[in-house]
Amino acid sequence: MSRRELIQGNEACARGALKAGVRFCAGYPITPSTDVVEFLAQELPKVGGRFIQMEDEIASMGAVLGASVMGVKAMTVTSGPGFDLMQENIAFGAMAQLPCVVVNVQRSGPSTGGATLPAQGDLIQAKYGTSGDSPRIVLYPNSVEEIYRLTVKAFNYAEQYMTPVILLMDEIIGHMREDVDLEAIDVGEIVERRRTNIPPSEYRPYEADETGIPILMPFGSGYRYVVQGMHHDVYGMPNLSAANVEATIYQINSKIDRHKEEIWLWEEKETEDADILLVAVGCVSRSALEVVEQARKRGLKVGLFRPITIWPFPEEPLSQVLARVKAVIVPEMNWGQLIHKVKEVKPDRVAAVPINKYDGTLIMPEEILKVVEEVK
Amino acid sequence: MRDVEKCEIRISGSGGQGVVLASIIFAEALVAEGYHVIQTQAYGVEARGGASRGEVLYGKERPNYLSVRQPDILVAMTQQACDRYLPSLKPEGTLILDSFFVERLPERQTGRTFAVPLTKIAIDELGKPLYANIVMLGFMNGVTEQVAPEHLEEAVLKRVAPAFAEENRRALRLGYEKARSMLNK
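Chains as they are written, first to last, in the numbering used here: chain A, 1 to 376; chain B, 1 to 185.
Please keep in mind that the hints were generated in silico from the structure rather than gathered at the bench. Misleading hints may appear alongside valid ones.
Derived SDA-like pairs (lysine to any residue); straight-line CA-CA distance at most 20 Å [stated by the list, open to error]:
id: 1; chain 1: A; residue 1: Lys297; chain 2: B; residue 2: Lys6
id: 2; chain 1: B; residue 1: Lys90; chain 2: A; residue 2: Glu366
id: 3; chain 1: B; residue 1: Lys60; chain 2: A; residue 2: Gln320
id: 4; chain 1: B; residue 1: Lys6; chain 2: A; residue 2: Ser111
From chain A, some residues computed to sit far from chain B (all C-beta separations above 12 Å) [said to hold, decoys possible]:
id: 5; residue: Val72
id: 6; residue: Glu290
id: 7; residue: Ile308
id: 8; residue: Pro365
This structure is a prediction, so every number in the text was calculated from the model and none was measured. Backbone N, C-alpha and C fix where the C-beta goes; we use that ideal spot for every residue, glycine too.
Isolated chain A, as found in the complex (with noise of 0.2 Å):
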């Protein structure tokens, strides 16, 4: 028998935080993003853990941070101009190399724009937002079960490598209900903050190990040592020597792009002898499977690339597939973002072709359907 239960994206966000472990959570609740906390402010404190009220969306970013350095599973919950103000300690998080999980709820910006209409316009700001050279890893999901799965990846993913993960997802999927069985999802092994034996007297917390990772050690934990932002050396000091620096930004940066083919996930969906691929994320994303099983009806082979990881963009296995293609449509709610990163990885003789709305609607599967059978 199916225990099948009708749940909300932004409820099976927050119980697959608890599925990951998540102990806290900070935040300044805005829609669509607030029943995220709503469902964590009830049942955190039933598994012994926290969720603080913030007075804004800077502190929220730094409670986590505190948190985290206490090696408390943390994240925090956000929408487009919250996600704006938690970009300084964001950076703050990828630099100290503290883990943990910002979830943003896109809405239709820029700035206050539509709190209620959905929109694809943070892609680029979840990578690019802070200054300097940081990495990220995000992940997009299309589906209410799927939120649940890449909840607890994006905790999995902060605890092995040690950085900031950011879940972006859309109004609709946050909103929308899907029916789904939470409890039969098999999310794997449950990533937990590595530990070291070495005694606090020889323990350099910024030395990486042979995977290119440092070990952090919670605070509390008799380790004793400095987490700040400037370039640092092993032990958290700043030093601006050059020799540093360039660790400093390899560290951070290497970490990821050594993992990323550990990190990439996505899905293909009639991929193998597709003249025209479509490449999409979240809700879109729903709209062009839709489009591939019509367009297939009507004996056009059209396929659908769905990067599920956006950051690290999943480069090589998009560009097997743009290899095999003649032309590849890019929908997407925002003025034309993921269509950058398609274009910087297609052989120059295919057609890259954008669908680019901003309307505050979703785009549906005639629209996309209308430029496939004009490209074809």
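On the provided structure of chain A, position chain B as indicated by the hints.
Chain B alone, transformed into the frame defined by chain A:
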């Protein structure tokens, strides 16, 4: 569970009439029935007082796309909702109107149209207009028979305060019986 490939339902009205809640309840009854279901709603400036709607997409397979385009069933609980959403209804689709609020009934060449004083039934029989959405659910299921009545009742009771379970049960039954009597005429 019937062999439904894809069915779209749009329940529209004014903020405060419980159309979004009704869509969630019906979606839960469809899940109990064994279907794959997506439920969405219109929020924000359209809430309380403005045009508001809850939508349900379902089928034997999981629907790909996420937004109702051409409903098979349209419920309109205000004149504004009727005027606004009627053009989207499939020509052969089922239209259910709350005739307590919808005074100008549209003329349709095809499809079934039911004008029922849902809110009046709620006021007269249960003393409060707020049961109109549950009367509507009973009625809609009475004419379309998409889910077993017990699945709908379970879904309603899961979402309403236990103290008002009996009133809601009655509201469902009143709507259902009204539908059966209209069909038998």
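Status of each hint after checking the structure:
Using a Cα cut-off of 20 Å, the hinted pair Lys297 (chain A) and Lys6 (chain B) holds, with the two alpha carbons roughly 17 Å apart. Annotation: proposed proximity of Lys90 (chain B) to Glu366 (chain A) holds, straight-line Cα distance about 16 Å (limit 20 Å). The straight-line distance between the Cα atoms of Lys60 (chain B) and Gln320 (chain A) is roughly 34 Å, outside the 20 Å bound, and the hint therefore fails. Restraint check for Lys6 (chain B) and Ser111 (chain A): not satisfied, since their Cα atoms lie roughly 38 Å apart, outside the 20 Å limit.
Non-interface call for Val72 (chain A) relative to chain B: holds, since the shortest CB-CB distance, roughly 33 Å, exceeds 12 Å. A beta-carbon of chain B comes within 12 Å of the beta-carbon of Glu290 (chain A); the shortest separation is about 4 Å. Every beta carbon of chain B lies more than 12 Å from that of Ile308 (chain A), the smallest distance being close to 16 Å; the non-interface claim holds. Distance check for Pro365 (chain A) against chain B: the nearest CB is about 5 Å away, which does not clear 12 Å, and the non-interface claim fails.
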